[in-house]
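Undergrad: Okay, here's what each chain looks like letter by letter:
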Amino acid sequence: MSAVPPRTHTPTPGQTVGPFFAFGLQYPDMNQVVHPHSPGSLVLGGTITDGNGAAIPDALVEIWQADSDGSIPRARGACRRDGHTFTGFGRAFTTDEGRYEFWTRDPGAEPGKAPFFAVIVYARGLPNKLHTRAYLPEDEAALAADPLLAGLAPDERATLIASRTPEGGLHFDIRLQGEKETVFLAY
Amino acid sequence: MTTPPSPTAAAPESLLAAPDQASQSAITAEIVAAHAEAERRVAAGEQLPTTMYDFPAYRSSILRHPTKNPRLVDPETIELLSPAFGQRDVAAIESDLTLQHTGEPLGERMTVEGRLLDSWGRPLRNQLVEIWQANAAGRYIHQRDQHPAPLDPNFTGAGRAITDDDGRYRFTTIKPGPYPWRNHVNAWRPAHIHFSIFGSSFTQRIITQMYFPSDPLFALDPIYNSIRSQKDRERLIGVYDHNLTSPEFSMGYRFDIVVDGPDATWFEPEEEN
Ligand SMILES: [Fe+2]
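If you read the sequences in order, they're chains A and B.
Okay, so the first sequence: first residue is 1 according to the numbering used here, each after it adds one.
Okay, so the second sequence: first residue is 188 according to the numbering used here, each after it adds one.
To be clear, the hints were calculated from the coordinates, so they are not data collected in a lab.
Hints should not be assumed to be uniformly reliable.
What the hints assert, rightly or not - List time: in silico EDC-like cross-link candidates among lysine to aspartate or glutamate, alpha-carbon distance up to 20 Å:
| id | chain 1 | residue 1 | chain 2 | residue 2 |
| --- | --- | --- | --- | --- |
| 1 | B | Lys255 | A | Asp69 |
| 2 | B | Lys255 | A | Glu156 |
| 3 | B | Lys255 | A | Asp173 |
| 4 | B | Lys418 | A | Asp69 |
| 5 | A | Lys113 | B | Asp261 |
| 6 | B | Lys255 | A | Glu179 |
| 7 | A | Lys180 | B | Asp241 |
| 8 | B | Lys362 | B | Asp283 |
| 9 | B | Lys255 | B | Glu224 |
| 10 | A | Lys113 | A | Asp69 |
What the hints assert, rightly or not - Calculated Cβ distances over 12 Å to all of chain A for the following chain B residues:
| id | residue |
| --- | --- |
| 11 | Gln208 |
| 12 | Glu266 |
| 13 | Leu407 |
| 14 | Val446 |
Don't be surprised by glycine CBs; every beta carbon is placed ideally from N, CA and C.
Here chain B stands alone, though its shape is the one from the complex:
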């Protein structure tokens, strides 16, 4: 069964489907070969980004990734600071995605908690964390999501939080389901929550995805595997933490986030924000 495209869709659905529609085994072979090639180049002394911009198994990246290496530049003052956020920017209820409607959403209730740290392990306080995700059935509320799984009238799937003095954030939500996409035939994304994070320097800004332990789709997914090394991919997997599980209420996951940044971010900005 397919759902007809919504008349209010922001862009043609055809834009989202890769033209060649390769098989999963072909895509998996491309992923394995790309990782091996990256490893060979790094062993030969080349510097490659942790997340590969040029990763053709992710078909829509083919025309959208830069072909030149980024220009290394000394950050100016504006780039070493970042927009200031505080509790005034976010309402407390925005961090509980299960309370945004009149009824309770369906699915496995979970909390995700973690600390936002810089490259020296220092907590980043008063920073904005934004998340968005599919519902328990793997369906996004976004109008262009055509996956014929049910929407949940009690779940939107977007949340915001501000980190506390310890750099900590915490969300209550529903575990998202895996969902199909049109990168290749029978392509499914492993379950994930999208995270958007500000650091104390604009250079530290990061948008990423948190995954769940032992997902059978990891080896098959071109987006997860656009990160070339296994160690770095594993940094995106939330850790099940029984101490964060609330008795008779919710499962708990820990997901700490470390922002990158040039050495210049070691020096504290003059004013404390």
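The shape of chain A in the complex, shown without the other chains:
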């Protein structure tokens, strides 16, 4: 690969999503990456909390993921769903109890790599977006080999691994601040 040339343009800075985003960012079935109850479907959900452990009722979560076979979706239509095409993208607002929920299916990964959901969080009071990852809990060998997880202390690592619910769903809480603060990412 050739060298990366110097950047010529300075990025536009990000800002908070503010309190009134719902009417601007909602669209039908936005949190249904797959049709509910379709084969392999599951609920990925959790609670977003602040530095006091209080639920955040005005946050927004986006996920972007590979399909279960590890392939990366290139089909259009994440913003106008047709009910069957897998576009890999979903968006959810938190409820009054700070809970977000997606209908989706497990992401896959390239062989030997640990599958995860790429996650972005926005909220009123959060001055800019935050990136993180929600890893699937099962493949311990792949998790152990993951370069990001390998560099984290056990309590930090735990913030990035979703837990499997008895129903086969995934639970992933996001703590913006304080004890067990979620590890956020820069690229």
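Fit chain B with the ligand to the supplied structure of chain A, relying on the hints for placement.
TA: Frame of chain A, contents of chain B with the ligand only:
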């Protein structure tokens, strides 16, 4: 005059009011001090984000910002790509916010046009741009907006567009008004349009706000000033462009958006989307 809280409000209005209700002069002094402190730290060699996560003049950020630095990570393939959008995702009429109702909205009609570029100036095609805003009176249609200014039955204030082959988007709308909020006593947001943008890599995703030239509220606003340097703040001000002004129809503003992204985004993905 105050409006009673709506019974269908999504969250208690009290959540939106900062408990200390500082004066504007106290908030302005905090902003000035925070900028000076950030400048001092950068001069001493520290790396600080362009938008400060820890910016207490924006009171609701105090408990909502991370306290640890983000972990620097090599993006995986999924993070270097992004959801694919196309014209099928958005109807053409969604980019004209003045045509969404039976009548014409009140206010100053305007267009905003710009190009979506990456850090090397390359246009980003087929990307989704979403906007939302207050009406000309500074009132959002959102049920939790309690500002006692009139709603406009002919204006919702939300739009979508897909960038063309040149990375260009264009919206027709009404210039939003400034509006009060409860960060401190007599707090007013400068007029702005919220923008949500996808790049070709998920790492480039950005939500931001576009402001208008010469707004007297700039120095007073904790959200605008959560961006620590003047140069970067000015990147969020749309440029009045008389060539985009349509005779006897609308005022024109230009707002180009450059997405960030790691060096890995220099390499074109294998397939063209
Ligand atoms: Fe706003």
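Undergrad: Taking 20 Å as the top limit, are the C-alpha atoms of A/Lys113 and A/Asp69 close enough?
TA: This hinted pair holds, its Cα atoms lying about 12 Å apart.
Undergrad: Test the statement that B/Val446 is away from the interface with chain A: the closest C-beta pair must be farther apart than 12 Å.
TA: violated (6 Å)
Undergrad: Quick check for students: does the CB of B/Gln208 sit more than 12 Å from each CB in chain A?
TA: holds (16 Å)
Undergrad: Hey, A/Lys180 versus B/Asp241, does the alpha-carbon distance stay inside 20 Å?
TA: Given that 20 Å is the threshold and the Cα spacing comes to 18 Å, the pair holds.
Undergrad: Please verify whether A/Lys113 and B/Asp261 have alpha carbons no more than 20 Å apart.
TA: Roughly 14 Å between the alpha carbons, so the hint for A/Lys113 and B/Asp261 holds.
Undergrad: In terms of Cβ atoms, is chain A entirely out of 12 Å range of B/Leu407?
TA: At about 16 Å from chain A, B/Leu407 clears the 12 Å cut-off, so the statement holds.
Undergrad: Could you check that no beta carbon of chain A comes within 12 Å of the beta carbon of B/Glu266?
TA: Non-interface label on B/Glu266 violated, nearest chain A Cβ at 5 Å vs cutoff 12 Å.
Undergrad: Is it true that the CA of B/Lys255 sits at most 20 Å from the CA of B/Glu224?
TA: holds (18 Å)
Undergrad: Taken at face value, is the distance from the CA of A/Asp69 to the CA of B/Lys255 at most 20 Å?
TA: Violated. B/Lys255 to A/Asp69 sits at ~34 Å, over the 20 Å cutoff.
Undergrad: Within a Cα-Cα threshold of 20 Å, do B/Lys255 and A/Glu179 meet the stated pairing?
TA: holds (11 Å)
Undergrad: Has the given pair, B/Lys255 with A/Asp173, been kept, meaning a C-alpha gap of at most 20 Å?
TA: Judged against 20 Å, a Cα distance of about 17 Å means the pair holds.
Undergrad: Given the proposed pairing of B/Lys418 with A/Asp69, does the C-alpha separation stay at or below 20 Å?
TA: violated (45 Å)
Checked against the numbered hints above, the structure breaks hints 1, 4, 12 and 14 and satisfies the rest.
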